[in-house]
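A.B. asks: Fit chain B to the known structure of chain A by using the hints.
Each chain is listed here by its residues.
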Amino acid sequence: MMEHKPKRRYLTDHGMELLDTFIYNKSGGGYDVRIEILDHYVIEIEQLLNENPKMTFIIARNEVHKKLGETRALKKIVKAKQKQIRKYWNKKVNHFLIGYLKWPKMVMTLLLFFFFFSIISVIPSQRHTMLVMLSLQSLVASASYLVQYRSIKASSFKIADPKSTLYSFECFMESAGTLFVMALAPMHIQYLLAEYFEGRAWLFPIIISIGVLSCTYLSLKAHAFHTEFRYWIKDELEAKYPDYLKLVRF
Amino acid sequence: MVDPKLLRGSLETIVLKLLDDHDEMYGYEITQKVKALTADQIQLTEGALYPILHKLEGQGILSTRIASIGNRKRKYYSLTDEGNERVTEKLSDFEVFVQSMQLILNPKMG
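Chains A and B are the protein sequences, given in the same order.
Mapping of the first sequence onto my numbering: position 40 corresponds to residue 40, and the numbering continues sequentially without gaps.
Mapping of the second sequence onto my numbering: position 60 corresponds to residue 60, and the numbering continues sequentially without gaps.
Hints in this document: simulated from the structure, not taken from any laboratory.
A few of these clues could be false.
Unchecked claim - Label-pair ranges, simulated between beta-carbon atoms: (1) P205/A to F97/B: 46 to 56 Å; (2) D93/B to A194/A: 58 to 68 Å; (3) K105/A to L6/B: 25 to 35 Å; (4) E236/A to I69/B: 26 to 36 Å; (5) F22/A to Q32/B: 16 to 26 Å; (6) N50/A to P4/B: 26 to 36 Å; (7) H22/B to T21/A: 25 to 35 Å; (8) N84/B to H188/A: 37 to 47 Å; (9) N50/A to Q43/B: 48 to 58 Å; (10) L18/A to I69/B: 47 to 57 Å; (11) Y76/B to P205/A: 56 to 66 Å; (12) K234/A to P107/B: 56 to 66 Å.
Said to hold, decoys possible - Here are the simulated lysine to aspartate or glutamate pairs, DMTMM-like style, with alpha carbons at most 20 Å apart: (13) K35/B to E238/A; (14) K73/B to D243/A; (15) K75/B to D20/A; (16) K75/B to E195/A; (17) K90/B to E24/B; (18) K5/B to D40/B; (19) K246/A to E195/A; (20) K55/B to D20/B; (21) K76/A to E12/B; (22) K73/B to E238/A; (23) K75/B to E51/A; (24) K79/A to D20/A; (25) K87/A to E12/B; (26) K73/B to E46/A; (27) K91/A to E82/B; (28) K55/B to D20/A; (29) K55/B to E82/B; (30) K73/B to E17/A; (31) K90/B to D21/B; (32) K91/A to E63/A; (33) K55/B to D243/A; (34) K240/A to D81/B; (35) K67/A to D40/B; (36) K26/A to E63/A; (37) K55/B to E238/A; (38) K67/A to D3/B; (39) K87/A to E238/A; (40) K17/B to D40/B.
Think of the CB as a built atom: it goes at the ideal place given N, C-alpha and C, for glycine as much as any other residue.
Same shape as in the complex, but just chain A (with noise of 0.2 Å):
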């Protein structure tokens, strides 16, 4: 007599996808995570169904999320997967901005900063400070409206290549007019701590140096965070972690 075997059960399309939606429920992981989890998910549930005939697969998936962990080690695994994503973001973006420390740019930034202190060192008033500021500011302001937002409202706006001559001009205009600003605060400096300087006047220049650097360096970052940045890598991310907007947001 011949011994009849019983059919090995597989979950169904429908069974993945109700399985694969209590997986996006419990974890709120992408699609990365989720296939991962899915499979070992679906390997486990499959084997206690076929162990146990008469088991449902609501009673086989609960079983199997108790066995693996339940929801504390799911978020663990999506946890562990956003903090890899941020730290490639992160590369990247120190990557970027190492680019910015090179010995030209440095230096340009400086002159330019040194320059603008200058003029406000000479001017004799306050008041005569602040029209200059504020006339300097607005040709800026007007410079760099010109030069991006009237491609926006042409409709004809572009991510920009961070190897234009055009992006890095309009980055040199946006830091032109911060360092303007920043040239106020050496002279209250140097103001308040006169006696300091007295006798170690070679002192000011380098404090000044740094602070602009660090402080250019520190705007580049926030720059980089809120506007061209996310677009320059957003291909090479979604390549390397798929529907990573699901995870992180920078």
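C.D. replies: Same frame as chain A, but now just chain B:
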């Protein structure tokens, strides 16, 4: 069963060694292989294994491939060239560690 606290520092070594012995493996396969080789003494949980795999992938030590298996996808892991170098280093470090522990646990052997 081995105390999970003892296992924590060795997970990376275990994963790298298994992937060194096999062309490519997927997550569930790794957990089952560890269970079989150690006669159930070591049981890798999902929550412990996948973060290690993702970390090694992020470091460029592992590469991944997604394949279609029936009505779902499966992610396979394999060692990169850098991973192959790392395995040698890790195994050597672990052997030194085991020998050092033996000297502490069995001082007469020293």
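A.B. asks: Identify every previously stated hint that the structure contradicts and give their numbers, smallest first.
C.D. replies: When the structure is compared with the hints, numbers 3, 8, 9, 10, 13, 16, 19, 23, 28 and 32 turn out to be violated.
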